[in-house]
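Novice: Please put together the full structure from these sequences, using the hints given.
In order, the protein sequences belong to chains A and B.
Residue 148 is where the first sequence starts when you use our numbering, and the numbers rise one by one after that.
Residue 148 is where the second sequence starts when you use our numbering, and the numbers rise one by one after that.
These are computed hints drawn from the structure, not numbers from a lab.
C-beta atoms are modelled at their ideal positions from N, C-alpha and C, and glycine is treated no differently.
Some hints here could point you the wrong way.
Short derived list, chain A residues pointing at chain B, Cβ under 10 angstroms [said to hold, decoys possible]:
| hint | residue |
| --- | --- |
| 1 | Q205 |
| 2 | N222 |
| 3 | I227 |
| 4 | Q249 |
Beyond 12 angstroms from chain A on every Cβ pair, some chain B residues (computed) [said to hold, decoys possible]:
| hint | residue |
| --- | --- |
| 5 | F190 |
| 6 | D266 |
| 7 | P333 |
| 8 | Q373 |
2 protein chains.
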Amino acid sequence: MSDALGSDQSPPALLIRKLASTAQLSDRDRGAIGMLPFAVLTFPGRTSIVHEGDAPKQCCLILDGWAYRCRTLANGQRQIFAFYVPGDMPDIESLHLHVMDQGLVAIAQTTVAFVAHKDMRALIQSNTNVAMALWRDTLIDATRCRERVISLGRRQAVGRMAHLFCEMYVRLRTVALADDLRYLLPLTQAELADALGLSSVHANRSLQELRKMGLVTLHRRELIIQDWSGLATTAEFDPSYLHLI
Amino acid sequence: MSDALGSDQSPPALLIRKLASTAQLSDRDRGAIGMLPFAVLTFPGRTSIVHEGDAPKQCCLILDGWAYRCRTLANGQRQIFAFYVPGDMPDIESLHLHVMDQGLVAIAQTTVAFVAHKDMRALIQSNTNVAMALWRDTLIDATRCRERVISLGRRQAVGRMAHLFCEMYVRLRTVALADDLRYLLPLTQAELADALGLSSVHANRSLQELRKMGLVTLHRRELIIQDWSGLATTAEFDPSYLHLI
DNA sequence: TTGCAGATTTAACTTATGATAACGTAGAGA
DNA sequence: TCTCTACGTTATCATAAGTTAAATCTGCAA
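Specialist: Pasting the structure below:
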């Protein structure tokens, strides 16, 4: 992928920057996060970081690459719930809910930093403010999930896709992985379809519709937004649900 | 509705019982929750408890009745995100996210107990364990949201409806508002449709399909599950995502 | 270069769901 | 009793999206 996010690339620095994008952190908070011991691991594309049914003893922080959470139904259909990008901690909830009811999968090659639950718990116990920031982060994850519900329930395919493109642009921009209305979107159309509740054929049709409308191009995994306001209108996109400061 | 939930009907007692259904609470925790000052208010059916765009200064606890969170799109379509029943605190998140991006609406006549944010914050600051239980509760709310995503994305209308009926049965049973495979479902078919991402006509068709399959009856707001295992199979329902102890 | 595998695109056809409108029913209140 | 209203039901037609299959295209490795 790419090394954005400013100078200090260490896992704690990334986590601090991420949490500070949605909450206020004091120097004491930053210091406490800075002490967290992380173990860094790289996963090849399309491999599982956490399996459905696992009971992890650690949380992970995406450093580089993308991941998604998904579940497979009995008939083999898949639903992708959410995408995670650098700075995100996709499984903070495993601190509280011990069995993962969905898997976490690396999309392209993805580097992840793990912190043991016990270290996270110690941090949370000793630093209420950081606990609140983490809690807040999980709540924002939930608002994104609700936005997904509205998309699936009440938007048509083209609007859903436009909405996802808008959301990812805004999120990637906060970690300096998008600018100038373009970003790397390492998804196949089949994965896009699984996220949007579509068949891959219809995902393809919808994408072409967006192209035909002159809103985006997507070629070689690079998404270019040609008409932001048109795209946002098509999506009825209002970024306030992301609760960025 | 009905007065279930055992002997002590006070708001703190209800909250304690609810949190204890998904987390361990010590006597000290229970004592601390018991001290929370609540203000009780009753809302007529189809009135707004919290408006979209509000910045509430209090959290609410449903004592009696049902409520739902919803948002209305530009074209007038509505999406209901979640239903809340006695024992639920639908807007704990307002402690952390100050503007509600959706409304909270009472369905039938609904009684609600309000706690001021400052009192909740004091409780959370002084009692980490209760904070963790509340956090955990918001995470379970999020797992329900994800379950909704899977329903909307990958299940057909009949399966979606079956899944909702299963979930509400299990949830209502934990607060003694359902037993013997039946419960009060105070929703119109139009509301059911808004929750399931369907038109009301198709919600009606799907309901009739469930009846024809011999799985449920719904008459005069009473839902009777005639064939639990058939319904659960149709829904591919697995209650583990509710994380009940 | 060639061949291969995965990804995208296109086409033809089917199906689930939406939209609209008419009609039925039951309860509330005059 | 009558009327009004909110809901539920039914029918018809329109359309978004699914399914299947085959034709390209792309990148990659031999």
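Novice: The structure should be examined with respect to each hint, and the outcome stated for every one.
Specialist: Tested hints:
1. Checking Q205 of chain A against chain B by beta carbon gives a least distance of about 17 angstroms; that is not within 10 angstroms, so the hint is violated.
2. Look at N222 of chain A: its Cβ gets to within about 9 angstroms of chain B, closer than 10 angstroms, so that hint holds up.
3. Here the hint on I227 of chain A is kept, as its CB sits about 8 angstroms from the closest CB of chain B, short of 10 angstroms.
4. Interface restraint check for Q249 of chain A: the shortest CB-CB distance to chain B comes to about 7 angstroms, inside 10 angstroms, so the restraint holds.
5. Separation of F190 of chain B from chain A is adequate, the least Cβ-Cβ distance of about 22 angstroms exceeding the 12 angstroms criterion.
6. Every CB of chain A is more than 12 angstroms from the CB of D266 of chain B (nearest about 16 angstroms), matching its label as outside the interface.
7. Consistency note on P333 of chain B: stated as away from chain A, and its beta-carbon is indeed over 12 angstroms from all of that chain's, at 21 angstroms minimum.
8. Once the 12 angstroms rule is applied to beta carbons, Q373 of chain B is consistent with being away from chain A; the minimum gap is 23 angstroms.
Going down the numbered hints, you'll see the structure goes against just number 1.
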